[in-house]
Every structure is written in structure tokens, then in C-alpha cells.
Amino acid sequence: MAERTQKQKPAPSRTEETVEEAPASTASGDKLKAELDDLLDEIDGVLETNAEDFVKSYVQKGGQ
Amino acid sequence: MAIPKVCGIETEYGIMVRGADSNPVTASSLLINAYLAVNYRKVGWDFEDEHPGHDARGFAVDDLLAPDIETNLVNSVLTNGARYYVDHAHPEISTPECLTALEVVRYDRAAEEIIRESMAAAGGHLPVGAEILCYKNNSDGKGNSYGCHENYLLARSVPFGRIVSQVTPHFVTRQVMIGAGKVGCEVAGMSADDVPYQISQRADFFEEEVGLETTLKRPIVNTRDEPHCDASKYRRLHVIVGDSNMSEIATYLKVGTTAIVLAMIEDDALGDDWLLANPVAAIRQVSHDPSLQRTILLRSGRRATAIEVQWGVLERARKYERSHGLSAVGESVGVDVLARWEAVLTGLENDISTVAGIVDWVAKKRLIEGYADRHNLSATDARLKALDLQYHDLRADKCLARRVGLQTLIDDDEVESAKTEPPTTTRAYFRGRCLAKWPADIVAANWDSLVFDIGRDPLRRVPMMEPLRGTAEHVARLIDESNTPAELLARLGA
Numbered sequence: 001m002a003e004r005t006q007k008q009k010p011a012p013s014r015t016e017e018t019v020e021e022a023p024a025s026t027a028s029g030d031k032l033k034a035e036l037d038d039l040l041d042e043i044d045g046v047l048e049t050n051a052e053d054f055v056k057s058y059v060q061k062g063g064q
Numbered sequence: 001m002a003i004p005k006v007c008g009i010e011t012e013y014g015i016m017v018r019g020a021d022s023n024p025v026t027a028s029s030l031l032i033n034a035y036l037a038v039n040y041r042k043v044g045w046d047f048e049d050e051h052p053g054h055d056a057r058g059f060a061v062d063d064l065l066a067p068d069i070e071t072n073l074v075n076s077v078l079t080n081g082a083r084y085y086v087d088h089a090h091p092e093i094s095t096p097e098c099l100t101a102l103e104v105v106r107y108d109r110a111a112e113e114i115i116r117e118s119m120a121a122a123g124g125h126l127p128v129g130a131e132i133l134c135y136k137n138n139s140d141g142k143g144n145s146y147g148c149h150e151n152y153l154l155a156r157s158v159p160f161g162r163i164v165s166q167v168t169p170h171f172v173t174r175q176v177m178i179g180a181g182k183v184g185c186e187v188a189g190m191s192a193d194d195v196p197y198q199i200s201q202r203a204d205f206f207e208e209e210v211g212l213e214t215t216l217k218r219p220i221v222n223t224r225d226e227p228h229c230d231a232s233k234y235r236r237l238h239v240i241v242g243d244s245n246m247s248e249i250a251t252y253l254k255v256g257t258t259a260i261v262l263a264m265i266e267d268d269a270l271g272d273d274w275l276l277a278n279p280v281a282a283i284r285q286v287s288h289d290p291s292l293q294r295t296i297l298l299r300s301g302r303r304a305t306a307i308e309v310q311w312g313v314l315e316r317a318r319k320y321e322r323s324h325g326l327s328a329v330g331e332s333v334g335v336d337v338l339a340r341w342e343a344v345l346t347g348l349e350n351d352i353s354t355v356a357g358i359v360d361w362v363a364k365k366r367l368i369e370g371y372a373d374r375h376n377l378s379a380t381d382a383r384l385k386a387l388d389l390q391y392h393d394l395r396a397d398k399c400l401a402r403r404v405g406l407q408t409l410i411d412d413d414e415v416e417s418a419k420t421e422p423p424t425t426t427r428a429y430f431r432g433r434c435l436a437k438w439p440a441d442i443v444a445a446n447w448d449s450l451v452f453d454i455g456r457d458p459l460r461r462v463p464m465m466e467p468l469r470g471t472a473e474h475v476a477r478l479i480d481e482s483n484t485p486a487e488l489l490a491r492l493g494a
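Chains as they are written, first to last, in my numbering: chain A, 1 to 64; chain B, 1 to 494.
Honestly, the hints are just simulated from the structure, not real lab data.
Among these hints, one or two may not hold up.
What the hints assert, rightly or not - Simulated pairs of lysine to any residue, SDA-like, Cα-Cα distance not exceeding 25 Å:
1) B:Lys217 <-> B:Arg162
2) A:Lys31 <-> B:Gly405
3) A:Lys56 <-> B:Glu131
4) B:Lys398 <-> B:Arg162
5) A:Lys56 <-> B:Arg395
6) B:Lys398 <-> A:Phe54
7) A:Lys31 <-> B:Leu406
Stated by the list, open to error - Here are the simulated distance ranges between beta carbons:
8) B:Gly161 <-> A:Lys56: 42 to 48 Å
9) A:Asp30 <-> B:Gln407: 18 to 24 Å
10) B:Ala379 <-> A:Thr49: 30 to 36 Å
11) B:Ala281 <-> A:Lys61: 37 to 43 Å
For glycine and all other residues, C-beta sits at the position ideal for the given N, C-alpha and C.
Full structure from sequences and hints, please.
Take a look at the structure:
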């Protein structure tokens, strides 16, 4: 399917071509992981204090 | 050619009172009245939802008996053209009629802000230490669900059978992009041991392919035929199958892709390639499979993953763009929706972490798995369910969705103005502007009419049977130049 074809990167013209693409994606993966770690660090301060009671008390009447 | 896909979203919010006894109907009424008391001089003008005896068209003005007054439930219309009311023990906001998916996102975001302000305003009316909390989700995890409904304008001439069969594959499979994610499972006889995490909040609650119900035995395609406009020309497809989204881009894709699919069906350009053999089983199966690998049975006997069905529908949409254009959904928005649709499917297929800033169920899943890993929790630990709920918590400081790095589409100032100003390109403009300018003179408002009290009998009713009349282009000058409603009505041709 033509729509799904990724754009080809321009052919590398110099010696940097030996650098693989992996570092970029790992770097963004690392960044994502670091962001998640930061979030998990702060989350205990945000989370409802008694999770079990909170979850139990969250009862809704059915709606549409 | 398909008619413009005028569209909107109605969201029922979860509500909980902490620190005081209260039932959800009272709490919902208090929430809304507290907001109206701060922002409106007149509290909640009531309106009748239906006027079956009145079918006048266009802007002709006729007479109307005073509507019955319903005092026990709050039911108000805001100056942005939205409706804010109590429904089924939940506070609910219906966005005004919008012309594009982008506008729907803007008004859906404004609705969130209105709820947030309402929670703050309600605090002043509660005992010290008590608070009303609202959640933009669709399930309490105990088998009770409440909806986020979409509405789309269709030509009455489109055969309903074609709509049902051809839109169903999209409704069953679009959840891979727009599911809001859920810890556990609410299908009778199944538990979190069977399904620790699933894609959709709502999928567990669908038991029929097609039908009129919205609160039990829910159907994938709802047959409510209440167009709130000229019924001889239009149909309003009432879609009850979607989740409430915290991600703006998810809401955008939900409404944008569905509007395109419906335009294609209207122009008979979608076809039957992706019809499903068993939609009810399929919608749950897709939801219960975050690996996205399982296949569902097509009517043709083939099997396909949900993503393959989505690629198939998108390919048709690309062809449709070339053959018909996308003016029915707003050309530039339509083109942008197609590009984002493709990007999300590509991400879901190749590297799911790349869509964690767009797809709610992916963002929530990362959060839940990260937390479970860190604290070595089992899949059924209450803390994971608490995280799930708190993803949808509308208190700014408690809302986890605001912390997971979701991308946005709408600037804060656009959200701010959408709280009070109506869209300019639908009849919501007329409704909103009149309510803002003459709040004391309007005794009832409805999707398809406004009723004025101009100080002498009888009350004057302005029908609005055409969703695309009453726009800024049509009536801005009229409203600007009229000093009184009587003057406005005279100029409208009364």
C-alpha cells in the first residue's frame, strides 16, 4: 500500500553513514523512559492515599 | 455529495462526593447550579427536549404555548451553545453543533474546563472538608457504564441498513487508536485474571449489533431517530460506542475518522470489503487484546487484525479524498485527519511507544505497567485500578492524564474563549449569541428552537431546523444591530 511506504532517507554521502540509526531511536526511548521514571517518582504524592478505599468508594449509577 | 458532517459530543462525567452524604443527582445539580450562579445571572432556564407538534422550518417565527417547567432537574444552555444538565445521575455536557472535528475538540476541552470550574464553585456550597470530584471516564469498574456519545448529521436519503453494516467495522476497530484503556474486565464471568488490561472503557458493555437502547443491552449502532432538525432531510447518527478521551488528538481522530467514514457511506464509496461476521464478539476481542495481534472474522470468511481493517478503511478514505474531496468534513481538517490516522496506525504497528503521547490506552498502559514493575504489584492490585481512575480525574492537580505527556491541539486561549463563545459556523451561533445578549428574554432553548418572551403575548418561538443556518455569516449583523429581541424578531421576518 503506497500510503504506508515510509519516506526514504536521502542516501548518506559521507563517512557518517557508518553510524547506525539505532542511537536516535534509543535516545528517544531513553528519554521516554526517563520521563516515565520522573512521573513514577512523583506519582505517590499524587495518588489517592488509600487506593483500596478509593477504588471501592467509586461507585456510579449506570448512565447511557 | 455528502452533506457537511455537523457533529458534536455529549459526555457524561463520573461524579463522587467525598466528606458528605449526597446522592449523585443532588450532587450533579449542585455542581451545575454552582457554576451557573458564578457565570450566569439567571440560573438554568429549563427547556423541553421535544416539541413534536412544531415542525416549522428555517427562521419563520410562530407562536408557542409556554413550555412546561421542569424544576427538579437542572437543564441549562450555555452561551457557547452547549447544554449542561443532569442525566441519569451524572453531570453531562453536550458540545454545541460543530462543523469540524477540530472544533469538537475545542468545545470538548472547554467542557472539561467548565466541569473543573464547577467543582471549584461547588466547594463553596459544601460542608468544610467535603468535595465533589468528577471523572471523565466511562466505567466504575463494577459493571456500571456511562457514555461519551458522538452525533453526526447524515442525509435522510442514505439507507439506514447501509449505515449499520458499513460503519460497524470502523466502530469495532477504531478503538485501537482511540480506546481510553481500562484495568480489568467487566464482562460477566470474566475478571482481571482473564483480562488484566484492555484497550477500551466501553467495549465490555456492548451486547447487540443494532438497537435503540443506550443504558442496557447496548448496541454497537444506536437507532435513536431524533434528528433535532428537519427530519425529512436529515438524520442524526447517535454514536454510543466510543470512550471519553483525555487525549485531544484521540478525540480529534475519533470524530475526524468517523466523519470521513460516514461521508464515504453517504456517497456509497466505502464498500463491503470489511464487513464483520460477528461484531459483538469482535468488539470485545479487539479490546481485550492490547498486543493487537489477534484476528477477527470477516463476513467474507477472511480473518484480519483490527489494524488491518483500519488500514483498509484508511485506504478507502484516501481514494475518497481523491475522487470526492473532503469538503464534507472541512477540507484542511480532513487532510490532517488522514495524515494523523496513518501516522497512528504506523506507530501502533511498528513501535507502540511512539504513540504514547496520542493514544490514551497506550499512555495509561505505560503508566500502569511502570508503576506495577516499580512496586512489584500483581495485576489485580487496587493501586493499579486507582491509577486508572485517576488518569481521568478532572482536578488539575490530581489528573494523571495531564502528567503523561499527551500532545495537544488546542491553545489555552482557544479553550478559554470556547467556554463562553459559540462556534461561528453552525446554528449554535444564533443560540449562543442570543442567550448571551438577551438572557432575561429567552424562556426556553432547545437544539432546534429558541423561545422569546418579548413582553407581550404570545411567546415567540424561533425554529432552527437547519443546522447550518443561523451562522455568524447569516445573523451576526442582525444580532449586533438589534437592541431588543422584539427588534431581532421583526428583522427575522416575524
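Hint by hint, work out which the structure violates, then give me just those numbers in ascending order. 4, 10 and 11
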